[in-house]
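Chemist: The primary structure of each chain is shown beneath.
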Amino acid sequence: MGHPAYQITEGQILFDGKDVTEAGADERAQRGLFLAFQYPHAIPGVTVTSFLRSAMNAIRKARAGGVDDPVPIPEFRKSLLEAMDGLKVSRDLAQRYLNDGFSGGEKKRVEILQMAMLKPRIAVLDETDSGLDIDALKIVAQGVQELVSPEMGALVITHYQRILNYITPDFVHVFVDGRIVEEGGPELAHKLEAEGYQAFEVPA
Amino acid sequence: MTTSETEVVRDIGSEYKYGFHVPEDYFFKSGKGLSHELVAAISEHKNEPAWMRKFRLKSLDYFLARPMPQWGGDLNRIDFENIYYYIRPTEKQANSWEDLPADIKDTWDRLGIPEAEKKYLAGVGAQYESEVVYHKLQADLEAQGVIFLDMDSGLREHEELVKKYFGTVIPQNDNKFAALNSAVWSGGSFIYVPPGVKVEMPLQAYFRINAENMGQFERTLIIVDEGAYVHYVEGCTAPIYTTDSLHSAVVEILVHKDARCRYTTIQNWSTNVYNLVTKRAVAYEGATMEWVDGNLGSQLTMKYPAIWLMGERAHGEVLSIAFAGKGQHQDAGGKVHHMAPRTTSVITSKSISKNGGRAGYRGLLEVAKGAVGSKSKVVCDALILDEESRSDTYPYIQVDESNVDIGHEATVSKIGEEQLFYLMSRGLTEAEASAMIVSGFVEPITKELPLEYAVEMNRLIQLQMEGSVG
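In order, the protein sequences belong to chains A and B. First residue of the first sequence? That's 19 in this note's numbering, and the numbers climb one at a time after it. First residue of the second sequence? That's 331 in this note's numbering, and the numbers climb one at a time after it.
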């Protein structure tokens with residue numbers, strides 16, 4: 019996603035045929051990439067609502083070629099409430115400060131809420147299922163499944179098969195030590211759940 | 331230092347020898363510099379009662395006798411001989427639109443300040459619409475017995491009230507700059523709210539259109555009588571351009587039994603200004619005093635709004651924000667003195683420094699012997715935006731009573747790379763992301779501001795951040 023601490027030593031990242039290897043996080047987001055954080059940071063003093071509106075407007079501005087194109091407030095409000103209800107996010111969370119004092123489950127849901135509002139082209143979900151209880155997992159996973167469409171693809175990073183009870187992947191890749199060691203369809207995930215990762219000689 | 335200073339000043343007699351007349355337009359022609367003749371002339375020109383003239387002249391003696399404070403910021407470069415102490419307000423600010431520095435005009439444009447208001451801020455035009463609002467407001471207030479005047483008119487029209495309280499909360503010899511203000515004051519507000527009257531609309535100096543509105547030696551006196559309430563708002567978030575390099579105001583407030591007063595200031599002086607202000611309130615039994623103080627501009631600000639909690643259960647709050655940019659030093663904070671049992675206070679200070687600026691908190695919390703069951707909480711948070719900038723915290727605490735509850739928290743933080751990355755990964759540019767973090771940091775205070783001030787404050791932070799990064 020363009021974290022400044024990462025240095026790319028070789029290779030390139032192509033998105034829609036365009037090279038985004040050198041692009042900063044803001045430019046990547048404006049082009050339609052999204053990362054659901056495993057441990058999202060708190061921004062005290064900034065409400066979820068005002069943050070979401072600023073982020074949407076930043077992306078709209080970039081897409082309008084640098085001209086302000088703010089989302090009309092009634093439209094914003096309507097889509098926010100719909101998305102919150104869909105993800106069973108308590109409405110009073112909208113006026114709380116972003117991730118400030120949120121439970122683990124609230125943070126994950128608000129990450130997916132952001133994805134629903136920002137409508138990326140490609141979303142990377144980094145262990146979104148970790149630390150969620152069964153009910154929360156179901157809501158979050160179904161929310162992701164509903165958003166996936168020909169307009170939006172999702173790369174779900176997980177250690178467990180259980181999220182795949184609600185999300186049906188088109189492809190499953192097994193990633194060991196920075197390399198893809200196995201590829202397949204949804205059946206690969208079921209096989210892994212049954213047999214574990216031993217076959218791939220995961221170092222202890 | 332204080333002992334010898336007090337001794338020096340104590341020896342100054344109250345007999346006054348400078349009671350001679352000066353031609354009325356003396357100061358218009360003589361221009362810069364400070365003298366007894368000038369002070370006498372100011373008083374003469376305003377046609378003041380003898381006691382005020384004496385007060386001014388004696389204050390000048392105190393000012394001259396006191397050494398320059400050597401703490402806080404560097405005051406040694408103030409050239410007292412090169413300052414206009416009393417001139418016609420039209421000469422005080424830029425004479426014409428064209429004389430204004432481009433960066434000030436640019437900031438006003440970007441804040442979206444209407445043309446008429448810009449001219450008013452620049453001192454090159456009056457703001458006729460608010461004059462109408464002001465007159466309507468005046469009629470409503472008068473019906474309730476509320477007095478809301480500039481200080482000069484207050485002295486003319488309500489001399490007994492002014493004489494009773496003027497200089498009682500902040501004595502003329504309180505400090506060097508209070509003494510200077512006491513000698514040469516002009517303008518400022520005079521407010522009296524009768525018992526039980528609750529003024530619903532905030533009183534804004536902004537409405538009180540008169541030429542002496544934004545003087546550099548304003549003098550404000552507010553008296554809130556028993557059970558009454560008033561919220562006074564002064565200043566504005568737009569940068570105020572002035573060719574004067576010294577702003578030294580005095581604000582005195584008395585909050586009587588069970589009354590409440592809130593005083594909100596947002597100041598954004600141009601960066602040539604030394605802003606040295608003494609603000610103090612006394613709160614009697616069951617009364618509440620709240621200072622909300624925002625300092626954005628100036629070269630050096632030294633300002634510590636104070637509250638003396640004199641009666642049982644009195645409550646005081648100080649909320650302060652200081653923003654120091656390039657070449658700026660904001661030495662701000664608050665002081666609360668618990669002098670009676672079961673008094674409570676909260677001091678919240680937020681400071682931000684960037685581009686080599688220096689912002690600090692200097693606070694005093696005192697609990698006197700006998701102020702049993704008093705509670706106080708001090709929270710000061712500093713945000714430093716880059717490596718060159720600096721933050722200082724000087725929390726003086728003096729507690730002479732054991733049965734009290736005192737809390738002090740201080741944090742210093744930098745804008746985290748992880749926070750920035752998180753916000754930028756949602757499409758915000760680095761400047762937008764930094765501005766959002768800063769706005770969030772000061773939110774506990776901006777939420778206490780009247781809405782239009784809060785909005786302007788946030789826009790101003792955005793402008794400041796655009797300049798600092800990227």
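Among the hints, a few may not be true.
[What the hints assert, rightly or not] With a straight-line cut-off of 27 Å between C-alpha atoms, the simulated DSS-like cross-links for lysine-lysine are:
| hint | chain 1 | residue 1 | chain 2 | residue 2 |
| --- | --- | --- | --- | --- |
| 1 | B | K777 | A | K125 |
| 2 | B | K528 | B | K699 |
| 3 | B | K656 | B | K707 |
| 4 | B | K384 | B | K528 |
| 5 | B | K494 | B | K528 |
| 6 | B | K656 | B | K587 |
| 7 | B | K744 | A | K125 |
| 8 | B | K493 | B | K587 |
| 9 | A | K96 | B | K493 |
[As the list claims (entries may be wrong)] Incomplete in silico selection of chain B near chain A, CB under 8 Å:
| hint | residue |
| --- | --- |
| 10 | P524 |
| 11 | Q629 |
| 12 | F771 |
In case anyone wonders, no lab produced these hints; they're calculated from the structure. The beta carbon of each residue, even a glycine, is placed where N, CA and C say it ideally should be.
Chemist: Are the hints correct? Go through all of them and say.
Modeler: Here is what the structure says about each hint:
| no. | hint | verdict |
| --- | --- | --- |
| 1 | B:K777 with A:K125 | holds (25 Å) |
| 2 | B:K528 with B:K699 | violated (34 Å) |
| 3 | B:K656 with B:K707 | violated (31 Å) |
| 4 | B:K384 with B:K528 | violated (36 Å) |
| 5 | B:K494 with B:K528 | holds (23 Å) |
| 6 | B:K656 with B:K587 | violated (44 Å) |
| 7 | B:K744 with A:K125 | holds (23 Å) |
| 8 | B:K493 with B:K587 | holds (21 Å) |
| 9 | A:K96 with B:K493 | violated (60 Å) |
| 10 | P524 | violated (39 Å) |
| 11 | Q629 | violated (28 Å) |
| 12 | F771 | holds (6 Å) |
Going down the numbered hints, you'll see the structure goes against 2, 3, 4, 6, 9, 10 and 11, while the others check out.
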